[in-house]
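Enquirer: Sequence:
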Amino acid sequence: MNIQYEEKILNVEKNTKINEILQEEIKNKPYTVVGAIYNNKYVNLDYEITEDGKIELIDISSKEGIRIYRRTLIYIFAKALKEMYPDNRATVNYQLANAIYCDIGEIEVTEEIVTKLKENMRRIVKSKLPIKEIIMSRRRSRKIL
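Residues in the sequence shown are numbered from 1 upward in steps of one, following the numbering used here.
Hints are not guaranteed to be accurate.
Unchecked claim - Derived SDA-like pairs (lysine to any residue); straight-line CA-CA distance at most 20 Å:
{"id": "1", "residue 1": "Lys128", "residue 2": "Glu48"}
{"id": "2", "residue 1": "Lys29", "residue 2": "Lys79"}
{"id": "3", "residue 1": "Lys29", "residue 2": "Ile60"}
{"id": "4", "residue 1": "Lys132", "residue 2": "Thr72"}
{"id": "5", "residue 1": "Lys8", "residue 2": "Tyr69"}
{"id": "6", "residue 1": "Lys132", "residue 2": "Gln95"}
{"id": "7", "residue 1": "Lys132", "residue 2": "Tyr69"}
{"id": "8", "residue 1": "Lys118", "residue 2": "Gly53"}
{"id": "9", "residue 1": "Lys54", "residue 2": "Leu10"}
{"id": "10", "residue 1": "Lys41", "residue 2": "Val92"}
{"id": "11", "residue 1": "Lys82", "residue 2": "Val114"}
{"id": "12", "residue 1": "Lys116", "residue 2": "Asp103"}
{"id": "13", "residue 1": "Lys128", "residue 2": "Ile74"}
{"id": "14", "residue 1": "Lys116", "residue 2": "Ile100"}
{"id": "15", "residue 1": "Lys79", "residue 2": "Lys8"}
{"id": "16", "residue 1": "Lys79", "residue 2": "Ser141"}
{"id": "17", "residue 1": "Lys118", "residue 2": "Ser141"}
{"id": "18", "residue 1": "Lys27", "residue 2": "Glu51"}
{"id": "19", "residue 1": "Lys143", "residue 2": "Arg67"}
{"id": "20", "residue 1": "Lys118", "residue 2": "Ile107"}
Stated by the list, open to error - Pair by pair, the computed Cβ-Cβ distance ranges are:
{"id": "21", "residue 1": "Glu119", "residue 2": "Glu7", "range": "42 to 48 Å"}
{"id": "22", "residue 1": "Asn40", "residue 2": "Tyr101", "range": "30 to 36 Å"}
{"id": "23", "residue 1": "Tyr85", "residue 2": "Ser127", "range": "17 to 23 Å"}
{"id": "24", "residue 1": "Ile9", "residue 2": "Lys63", "range": "26 to 32 Å"}
By construction, these hints were calculated from the structure, which means they are not laboratory data. The structure displayed is predicted, hence computed values, not measured ones. Yeah, the Cβ is synthetic: ideal placement off N, Cα and C, and Gly gets one too.
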């Protein structure tokens, strides 16, 4: 299969992941790479290539990259909170500049809770869990929440 990245044409095997194909490019970018555009579709770096196409890397210096980074942080925060307080959930109210405002239910926010949340978030990041897209109806998603 032929993949175009910048001015290069790369010959790769089907089902090869983007982060395997562009490992050196990702490592050598001046900013952290958080995703890619493959044939005009936003995908994560673990996405498996199944057809010829074009890849663009997205890093945190771009508007799209910051959006992906923030959304990922929200998922990590929600997972950390859920592990600490299984009966609560975070609701993101809005984002303003570099801040994200959310409601975490009946929990009184203390310095100790903030410290534990940070530690739990760091542990989750270090575990390198995959983030997988799951497409479902609103009805089904409400049942999960």
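Enquirer: Next step is simple, just say for each hint if it's right about the structure.
Expert: Taking the hints in turn, this is what the structure says about them:
1. Lys128 - Glu48: Given that 20 Å is the threshold and the Cα spacing comes to 18 Å, the pair holds.
2. Lys29 - Lys79: violated, 29 Å
3. Lys29 - Ile60: holds, 10 Å
4. Lys132 - Thr72: Roughly 11 Å separates the two Cα atoms, so the pair holds.
5. Lys8 - Tyr69: violated, 27 Å
6. Lys132 - Gln95: Roughly 23 Å separates the two Cα atoms, so the pair is violated.
7. Lys132 - Tyr69: holds, 15 Å
8. Lys118 - Gly53: violated, 39 Å
9. Lys54 - Leu10: Between lysine 54 and leucine 10 the Cα gap is close to 10 Å, so the pair holds against 20 Å.
10. Lys41 - Val92: With Cα atoms ~25 Å apart, lysine 41 and valine 92 exceed 20 Å; violated.
11. Lys82 - Val114: holds, 14 Å
12. Lys116 - Asp103: holds, 17 Å
13. Lys128 - Ile74: holds, 15 Å
14. Lys116 - Ile100: holds, 18 Å
15. Lys79 - Lys8: violated, 39 Å
16. Lys79 - Ser141: Holds: lysine 79 and serine 141 sit about 16 Å apart, inside 20 Å.
17. Lys118 - Ser141: violated, 27 Å
18. Lys27 - Glu51: Violated, because 24 Å separates the two Cα atoms, which is more than 20 Å.
19. Lys143 - Arg67: Outside the cut-off at roughly 27 Å; violated.
20. Lys118 - Ile107: Since the Cα atoms of lysine 118 and isoleucine 107 sit roughly 16 Å apart, the hinted pair holds (cutoff 20 Å).
21. Glu119 - Glu7: 42 to 48 Å: holds, 44 Å
22. Asn40 - Tyr101: 30 to 36 Å: Holds: the Cβ-Cβ distance is about 33 Å, inside 30 to 36 Å.
23. Tyr85 - Ser127: 17 to 23 Å: holds, 19 Å
24. Ile9 - Lys63: 26 to 32 Å: holds, 28 Å
In the structure shown, a violation is registered for the earlier hints numbered 2, 5, 6, 8, 10, 15, 17, 18 and 19, in ascending order.
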